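Chain residues, written in single-letter form:
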Amino acid sequence: MAKGSRRASALRTDWRAGVLGALAIVLVVGPLVLDSYWIGLLTQIVILAILAMSLDILLGYTGLPSLGHAAFFGVAAYAVAVLSTTYRADFWTSVLAGVAMGTASAAAFGLIVAHVRDVYFLMITLALGMVLWGLSYRWIPVTGGDNGISGIPTLEAHAGLPVAGPLAFYYVTLLVCAGCAALMRTLVRSPFGLTLRGIRENEARMRSLGFNTWLHCYLSFVIAGAFASVAGVMWAYYNGFVSPTYLDLTASSELFLMVTLGGPATLVGPLLGAGAIVLLKNVMSAYTARWLLILGIVYIVAILAAPQGIWNLGGRRSAGPERT
Amino acid sequence: MKRVLIVVLTLAMAVAVLRAQAPTDPIRIGFIVPLSGPFAQNGRDILNGFLLLLDEVGYRAGGRQIQLIVEDDEAIPAQTLTKARKLVESDRVHLMAGTLLASSGYALAPYVDAQQIPMVFPVVSSDDLTQRRRSKWIVRTGWTSSQPNHAFGEYAYRTLGYRTVATIALDYAFGWESVGGFQRTFEAEGGRIVQKTWTPISVHDFAPYLAQIPRDVDAVYALFLGRAALQFMRQYAEYGLKGRVALIGSGTTTDEAVLISMGDEAIGTVTALQYSAALDTPDNRRFTTAFRRRYNKMASYYGESMYTGGKWVLAAIEAVGGRVEDRARLLEALRAAKPTGLPRGPVELDEYGNPIQNIYVRRVDRVNGELQNTVIATIPRVSQFWKFNPTEYLRLPLYSRRVVPAS
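Protein chains in written order, with the working numbering: chain A, 1 to 324; chain B, 1 to 407.
Coverage of chain B stretches by chain A, computed from C-beta distances (three or more under 8 Å per stretch; other residues unrestricted):
1. 68-77
2. 89-102
3. 105-114
Keeping only pairs whose Cα atoms sit at most 25 Å apart, straight-line, the calculated DMTMM-like set for lysine to aspartate or glutamate is:
4. A:281 <-> B:89
5. B:387 <-> B:154
6. B:297 <-> B:280
7. B:136 <-> A:156
8. B:297 <-> B:264
9. A:281 <-> B:91
Hints were generated in silico from the structure; no laboratory data involved. Please read these numbers as outputs of a predicted model, since none were measured by experiment. Cβ coordinates follow ideal geometry from the N, Cα and C atoms, glycine included.
Throw the hints in and build the complete structure from the sequences for me.
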């Protein structure tokens, strides 16, 4: 490797370290000085970041483009909603059942999709996502159909926390997000994660090396579903209601955009992507009715200028984080 | 140095004096409707109705300036909530109005109650928002889905003389509640709903559904809106049903917002709603003329809904003398307001926070080259409970796909 490019690589690392530091400061200290509306937006970003990171395991690291990932998020949210309102279940039952239900549906769907790749994977996940959306829409006695379910207790009250309010909820969410991010980071750097990357690069070779690629893809799908469920549980408590729009195609494709915009196979990228999209949507629409146009331009510019996503900006290959 | 100090002190005092005169701050009204996505046109109409009214009063009420803050919720409930949070927590609005979809309405209700912000719902018509799941801080100036249909069911039996009806409607809460309401009163009279067909909201082709409709019924009741209403009307004629089986339906099927895009195939359709742009009263003529002059199109129920809702808001602000900071009094004033000169005719709120108002039976005619909803009958003072006892009514389950089943 030439000396110059090594220096450039070091510079890029610095650039990323700087952004990471700034991001950490904003996420940890920011809410102390912001008003409750901005805390709400930050909460949304953090929850959606968990979800986007979980999709990154599939899309970025395993190379499986899922267009139905919001479905598991939705199943978990609905489980919390139904248990906490209709059955008046306690906090831990609701949370654990939410995560379990989301993971179980991912485990069931994984059996169907884990053997297909590329565009077929995209289409089957899209179809399965629509099945769950249809269920939320039409299973009226349980889901309330189009009207959804409202009246979910706040997380603070339900868990019996001594503190309440947007700030408390934000820090709980941030803790959950940090925990999930740490787990996912360990996962993608483990031998298992490296195998996933190998499958993404060349599945035939991995198979000839003796890896059970089906099982790896299946587990990747289930794990991604499990983290998506955690995000779903938080989302249900954040909004206090659930509706079929949580699982629909728009939700799944917006999620897809978060990952691709931020930079797949980075985990930090999806966090940036989630932040960028939530802020663009909410800040811009306050100023202009043409905000969708601006959002579209941003996507196009991002794809032209940073085809590998913001976090991979600067000519970095998409192979994922440096092995340290 | 001394001079600088004096200037600073003067400024500080000026600020303090301005702060003390809080009531001269503008009254901030938060307004949420979909302005992008598939419901953007409806949202725009609702907003236009409000803008028209605010212009008429010069953005002033109760001696204070009015500042309107408009937000787009894309017709996604979670987004409706996010925008409401922005309006309440960041913009510190004094009251809110708006939204279109039932799901958005249900999503907002717990938040509005928790924040204790008075809110006016001009359009959201889900029955339970003013029935089994009432919200203290929400005042509805629109209607419940079943409200016009209760009246219409009886009218269809007694006056139109129909005995058997088949229904075809969009498969969601608005459809179920409308069809349910029609069926309950129509069958109470002795009529029979022989078949109920539900189509997905995203329906593009009505051929498979129209083929199922029995040809030997007295009438077909249809509930659609927007693009689906246009498509349905066209295909109903193409399949030879027009002229053979009478077409009746929900007010939205021939609402002026879609009527302007329809052709002769719509003529003769009879529907019921609390408003028609062709309603021949001085108040409505004034409203429709002003609406047409400003937006160059026929007023629709959506435009009228927020014009009337806005009158409620203004009347309440006047009643509290502009002191909107006292939210509890503002809410009381909203519930007690009796604005007059409404395009749709006299309206009063019942104790559940839903209007008691005239229901108009309308027939599509072509007048001066333009389609309109000619009012052929007025059913006065219809409540959301129709002629039923409210307590007993509320014990019945909400209308859904299975309630009431087809006979």
